[in-house]
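Chains as they are written, first to last, in the working numbering: chain D, 2 to 262; chain V, 1325 to 1895.
Zero decoy hints are in this set.
Computed far set for chain V versus chain D, every beta-carbon distance over 12 Å: (1) D1450; (2) K1585; (3) E1730; (4) G1739; (5) I1741; (6) I1885.
Here are the computed distance ranges between Cβ atoms for each label pair: (7) V/T1806 - D/W23: 28 to 36 Å; (8) D/E128 - V/M1881: 36 to 44 Å; (9) V/L1601 - D/E128: 39 to 47 Å; (10) D/N85 - V/M1651: 17 to 25 Å; (11) V/E1385 - D/Q148: 30 to 38 Å; (12) D/D124 - V/E1385: 24 to 32 Å; (13) V/E1799 - D/E3: 27 to 35 Å; (14) D/S145 - V/T1806: 55 to 63 Å; (15) V/M1881 - D/H203: 57 to 65 Å; (16) D/H203 - V/G1875: 55 to 63 Å.
Listed next, the in silico DSS-like pairs over lysine-lysine satisfying Cα-Cα at most 27 Å (straight line): (17) V/K1645 - D/K220; (18) D/K42 - V/K1622; (19) V/K1504 - D/K72; (20) V/K1473 - D/K113; (21) D/K42 - V/K1655; (22) D/K12 - V/K1504; (23) V/K1865 - V/K1788; (24) D/K42 - V/K1650; (25) D/K113 - V/K1504; (26) D/K72 - V/K1650; (27) D/K9 - V/K1655; (28) V/K1734 - V/K1328; (29) D/K87 - V/K1655; (30) V/K1655 - D/K226; (31) D/K226 - V/K1473; (32) V/K1814 - D/K12; (33) V/K1655 - D/K72; (34) V/K1504 - D/K9; (35) D/K9 - V/K1814; (36) V/K1473 - D/K220; (37) V/K1894 - V/K1865; (38) D/K12 - V/K1812.
In case anyone wonders, no lab produced these hints; they're calculated from the structure.
The beta carbon of each residue, even a glycine, is placed where N, CA and C say it ideally should be.
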Amino acid sequence: MERKIQFKVFKFNPSIEVTPTWRVYEVEVDRGTTVLDALLKIKEEQDPSLAIRYSCRQAICGSCGMMINGKQRLACFTRVLELNSKIIYVEPLSNYPIIRDLVTDFSELFSKERSVKPYIIRDDVEEMSNPTGMYLQKPDELLSYLQFADCIECGLCSSACPTVSTDRLFLSPMVLNKAYRFSADSRDSGLVHRLPVIDSEHGCWRCHFAAACSSVCPKGVDPAKSIQLLKRMITSTNIFKKSRKRIVEISSRPHVTLSFP
Amino acid sequence: MVEKISEDVVIVGSGLAGLRAAIEAASSDPEIQVAVVSKIHAMRSHSVAYAGGTAAVLYPEEGDSLDLHAFDTVKGADYLADQDAVELFVKLAPREILRLEHWGMPWSRRGDGRIDQRPFGGHSFDRACYASDKTGLHAMQTLYNTCLKYDNITFYHEWFATSLIVEDGEFKGLTAIDMKTGELHVFQGKACILATGGAGRLYSFTTYGYSATAEGMAMAYRVGIPLKDMEFIQFHPTGLVPSGILISEAARGEGGYLRNKDGERFMSKYAPERMELAPRDIVSRAMMREILEGRGFKGPNGLDYVNLDLTHLGEELIDEKLTEIKMIAMKFAGINPVNEPIPVRPVAHYTMGGVHVDIHGQTPIKGLWAAGEVNCISVHGANRLGCNSTADCLVYGFITGKLAAEYVLKKSSSGSIPVHLVEMEEKRLFDQILRGGVGEDPYIIRREMQNTMSQYAYVFRDGKGLEEGLRKIRELKRRFNTGRVDDKSKEFNQNFINVLELDSMLEVAEVILVSALARTESRGAHYRLDYPKRDDVNWLKHTLAYRTLEGPRLEYMPVKITKWEPKERKY
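Next comes chain V alone, as it looks inside the complex:
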């Protein structure tokens, strides 16, 4: 018998968006019971890792404006962003910066005590708020600690969500495994907010932490919600080989060079004026051209790379301005960048696509919202600007938390939970997978999936490659079968969790490939060698992938244009 837990608002995921939503829902009314369900300790979500900052217009009197922030976002998005959503997003972002400030965020300050801002790629005004070189950690700590103020927020640390229970188009509950005991529980809730982040772990080489395995997207997809614009995955130019840990743009900003194996600063061929500081997608493509044409270095496990050379900058400058980068290179690659170049290659960094929601983060299911990287409205279109994702998490955490609370207050009872659906899930998990699961070694399947995505759905794509990738993913799905679990214990069974994660990742990988194959143009992060031009006549539209037994079925919906007609994206 699966134990029932009654909560009003169930939040899945505890990164910036989830924690922000929890505070908003809990502070709306002390009677509202809020559950935060996280498969890791709640304060450890990968939002902790961002260094850069959070974009918002704070000082219009100094020349910034909401319109400017919105236009930068729309242009960066290669015009695939919904402009009404972008306008709402930039309007609400400044207040979120102030809220965090009021809740203890150690924002770096100007001499007069006001919040400082710095420049960031793609923004035409210095509007990145930051907290030394640990903005993400501080934002997460601020939100997590503020959550502790509310007695009506309960944290379920290390609980793994497995499915959404939906009946008649309405959210009814969420099933989750308490990893400590291995027992399945069902949250009987009135409202749910998915805040499970992106899908970076589909790739072998990624900046994401190990927890970004896309089950939020897969759970929504399985109950009939389409996944939108999944072909758009952002690749940051400089991931450290072999771990994928991000080497921030600061390395190039301070004068670092990219060199191929002949020692040549190859960016002179691709962007002679801006060189290493050209936009992310241009630099990533240049690096991959060098590597594919044989001018890179041979790396481990196929991770061929180019060099990020800081040696000419001198120890003094590196120690003063690039301390974090030096620490990362030394600790995670055993390389001292003062004497030796850093091996880097483009790395999966952000999922622009996600669970289809409207401008308020509402999914097509009543009582179910999605916030942060897991959703796609779309604010970021075909390519996200740096520092916009964290602002998005805060804004949509706020909006969905507020709306979920209002919904709960209007709803008298949560109704009964459809027991047969919970029993089906219990059988699927324990009888079909944990005890009776068959298939090949999941860790081999996972590696092959990651290699497939890295080969065919990476910086450069083409029809033939995407077809081959899709064939391979479908073959892997067959070989994965139900998923095989070798460890049969209940307590903290990560082998079981890894299999469930892989099940979700295979599902989402298929959606990415099918969506990318269909989009016969190049836009933002989606670059097709066989269709190298943007095609607004046929492709200024969002992809919607619906789950069917035969695989994803695609539909399309228009992009909302308010003020800015599509133009060529030039920097």
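In isolation and in its complexed conformation, chain D is listed as follows:
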């Protein structure tokens, strides 16, 4: 059952090298071998200097996102033979700075995540640290956000997103999805605190709905959908209605005819 497959792997240490190189390795694989298995075999047997981010090897920790034959994938969640190619190209995720080889820098993504306050926000602070009971949540309330809570922060969506490619400050699908996941939670009342960031120049309105994010998501989260739901949620809040009224006031100056109903 074993077959020999060629891997062309992107190698680059930007701190000491001027240009990246492609290195070719040959690996024996069988039907269960994943791209991560193959890369780790290369690291152990052929090139210990190869840098790869990895941990759980079961598609739940989100470490091993990379470009495999030009597409954003988790290396552990891609069987070599399912790619149906004799040569497999492996590169670091696009849209992220490269640290070394296949390892990219996620620090900007993590700060954006922090900026949208991705946690439950409520007024009963004492109850939150010393609970006396449960916040009830009906199964249908749970289902309204559960899919979006399945995000493993692998960052594939932000790598595939055309808006991130052109606007580095764009919050990114992963982060906007997170903002929606919490805002849609029946226990949360934090949208008003998240608005200044998500309803901003680099916030949700920059999404052009290419849906590249959803097409690469390995967990079926569908950030393209949560971003649209987030937009709808914002336009139906009181805060937004107030700001719309201000626009109306400005717009209702005598020389402007446009008006809202």
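With the hints as your guide, set chain V onto chain D.
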């Protein structure tokens, strides 16, 4: 010159226990600066992987009780658990479930909106709280995201801790390599909590992620703290061959069969009534007997296996109730369980032993605590019940986070860092290992170590095998020498990190073998073919292994019994 970073509480490891401790310490006082040091991105620790759930008594009015949870735990532990610690643990677990709930955990719910619970092996009441089939991911996300609320928590993602700096029995600091740059730093802290998880990667076949390489245990051991009960490693019956990824108990719960190469449902010989649903250790031993007596299938790299057969269940049931298992079999083995049986064998799953701590998670070193799988109090004794480890991580994350914060507030200054110790560590790392390291290929040594542990310190053990295993590990230590690093770059040098991990694993492997060799009885997960009975007269005690130049020196300490006198463990 090694750069100093001042923090109040330094937490090493970012799984459930580490993140829970961070929240507790940070919320105690906004002035307390908390550092979370993790060798991977903090939200990616292997706690993400558990599917099952977290055990806690939520509905006493429906018949559950703290005493019942405690007794289940003590019995499951084959009476090696400290009963005072178990009582504290079950008492604090329910509030942790509520805290997670308040912080956004998507617990699965009953129709009325309250948290749902389901049955789990070894628990006599349905007390496993769960979040669909991704409890671990959701718990980790809930805790990591809640941490982001606190400005006084700083994450050091991809920083590899190398040593504890201890002077006069007191914690002074922690050295760590920033993997991105390769530079060594020293955290000058007042308190430290180790939360680095278990030692599963000592085995070639394991459910653990690649990060579970035991350096937390080794760091504590090197500064003189004993490792306790290290002979107790839990083997889950159904690891997928060859990756070791866990196939959950649900497969058998829904009616899956275990078959040997003759197609026989062999459990009828070992547990005729409960068949495939007998307790984990009994099923694991039955599977290994079949394999050792030649009735298994030949697997890759010596991973001989038996079949987990779901084909009679039908596509409809598999698609409805065993979706995750089907996905795992298809994606990680290329097998569709609707048409083909799944190859499985017992797999290293949990480390009951660990860093010796008291009932409050305090190590013998002042200012140093340990929480979660890395520690051993012991709550889980000789065998842990499913869903108890995650509860343990939350409870001990809470306790140690709180105590570390109180300790910091009482301590006026962190004092000076003993510079000579930091310089020694810098020399060891960079001169002796990275630049000057000698020895054989670490990846070959690692494979041989894992094979040795899998052969001699696995489901069945005996004196002769353990001695042979110990001889082999000591030989590997010699061949490893200082550790050889072929990649000399500084930036993200995983070759270097792998060598440091292996250094720790070899140290811990020796402790496991020495402890297992000394314990001449069978209890819980430790099964000796040459001593197949539990021996309470001589062995109702904890093993403590101290580091010496000649190898581990063993001492023993009594088990705390409060309410439940040891009885035979029967299910």
